[in-house]
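> Chains as they are written, first to last, in numbering that gives the first Met the number 0: chain F, 0 to 255; chain A, 0 to 114.
It should be emphasised that the hints constitute simulated quantities derived from the structure, not laboratory data. There could be a bad hint or two in this list.
To be verified - Here are some of the chain A residues that sit facing chain F, going by a computed Cβ distance under 8 Å:
{"no.": "1", "residue": "A23"}
{"no.": "2", "residue": "G24"}
{"no.": "3", "residue": "R26"}
{"no.": "4", "residue": "G28"}
{"no.": "5", "residue": "Y29"}
{"no.": "6", "residue": "G46"}
{"no.": "7", "residue": "P47"}
{"no.": "8", "residue": "T49"}
{"no.": "9", "residue": "Y51"}
{"no.": "10", "residue": "G55"}
{"no.": "11", "residue": "E77"}
{"no.": "12", "residue": "I80"}
Note that CB positions come from ideal geometry on N, CA and C, so glycine has one too.
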Amino acid sequence: MPSNDVVRHYKTWYVTLLRLYPQSFRQRYSEQMAQTFQDLCRERSDAGRGLLGFVMWVFLETSGGIIMENTTQMTQMSRTTLRVALGALAALMVPLVASRVVDGWNWPARAFVVVYLLFFAIGMAYALIARKMSSQSYKAGVGLALAAGFALGWSNMVQVADSGHPENLAYYSVLVVGIIGAGISRLKARGLAFTLFTMAVTLAMIALLLPSAAPPDMALRMAIGHIVYVVLFAAAGLLFRHASRAESRPASSTDN
Amino acid sequence: MVAKTTVQAPLTPAVLHILLALSAGERHGYGIMKQVEADSQGKVKMGPGTLYGSIGRMTEAGLVRESNKRVDPEMDDERRIYYSLTAAGRTALEAELQRYRSVVSVAEGRFAYAE
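Can you build the whole structure from these sequences, using the hints too?
Printed below as a string of structure tokens:
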């Protein structure tokens, strides 16, 4: 009859094998798989049956699962990349058509390349972050935060280029807060909710404290623009907070 | 995380057996394996790779859900995640069993006629 030490050794090797699964699958199931493997080994061991043949069968069977999960993930990744590339191309049509019909809109070719790369990067960021969670609130929060962040960054870049006021660069600190917050929170809903609320407050503070020499009509439009961005960031924060609360609820109360 | 996929009819043998096992009540991974073995009179032996790969896809498709970890009083003191059928899972199982009944009915009619 195989001893507990032998079972422990086999489990250690099995855990090593499980590292070959895609990260997302591994994080979710490897602990359970190792536990189940140990249960199966103990059952055979208690029944006085040999383990070697069984362990080899499980290793082979799990290797098949590893190949399948990695293949599935690669296929899905290729599909996602293609979809985002086409989506970015569709979004590029907006400035492309606008440059033909709007007077004074004459971007050089490299500007379109940069915009396309930005659209693609935003789309991929959404696809990669949103797939981490099945919650619709989380996905909506990611989409809203990225769209608002992109719009703020872009409009500010245009503003700095047109007005030549470098103090407007202070608005980028809102995006820096977002990037740092996303990193610290490791994209967890609760941390992202706090990050988005902090971004909204940071933007409101900049809007209030940054001196403006704009004429009254321009100042009014800027104030409305600020309020819109603050509301968008706060709304994204609320969506993340909703996702976080749903996460912490017991499974039985969320799916009936 | 597992990528979004759907489990469509006809169900794979593994998915059908897992749904059938969970129709008897919630189970942890090892419990599902034992139930599948019992349901099939030992003819189906599912490994952890097939089991958890299927559970991943079934969870994404909303056929099963996982509960919080807890100890199985009939086993050791390790905490385990339990799985149970959702309403969609029960519907999928019933639809699949109905499909099987239809196939068996056609087959029985044909063999009876041949005899």
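> Is the interface hint for G28 (chain A) satisfied, with its Cβ closer than 8 Å to some Cβ of chain F?
Status holds, d = 4 Å.
> Taking the closest Cβ pair, is Y51 (chain A) under 8 Å from chain F?
4 Å, holds
> Next item in the hint list is A23 (chain A). Is there a CB on chain F closer than 8 Å to its CB?
18 Å, violated
> With 8 Å as the cut and Cβ atoms as the points, is Y29 (chain A) at the interface with chain F?
Since chain F brings a Cβ to about 4 Å from Y29 (chain A), closer than 8 Å, the hint holds.
> Is the interface hint for G46 (chain A) satisfied, with its Cβ closer than 8 Å to some Cβ of chain F?
Constraint on G46 (chain A) satisfied, holds at 3 Å.
> Given I80 (chain A) as an interface hint, is its Cβ closer than 8 Å to any Cβ of chain F?
Hint holds; I80 (chain A) Cβ to chain F Cβ min 6 Å, cut 8 Å.
> Using Cβ atoms only, decide whether G55 (chain A) comes closer than 8 Å to chain F, and label the hint accordingly.
6 Å, holds
> Report holds or violated for the interface hint on G24 (chain A), using the least CB-CB distance to chain F and a cut-off of 8 Å.
14 Å, violated
> Tell me if E77 (chain A) is really an interface residue toward chain F, meaning its C-beta lies closer than 8 Å to one of theirs.
Check passed: Cβ of E77 (chain A) comes within 6 Å of chain F, closer than 8 Å.
> Is the hint on P47 (chain A) kept, meaning its closest Cβ partner in chain F is under 8 Å away?
Holds. Min distance 5 Å.
> With a cut-off of 8 Å, does the beta carbon of R26 (chain A) approach a beta carbon of chain F closely enough for the hint to hold?
11 Å, violated
> Would the stated hint for T49 (chain A) survive a check requiring a Cβ distance to chain F of less than 8 Å?
Interface hint status for T49 (chain A): holds (6 Å vs cutoff 8 Å).
Checked against the numbered hints above, the structure violates hints 1, 2 and 3; every other hint is satisfied.
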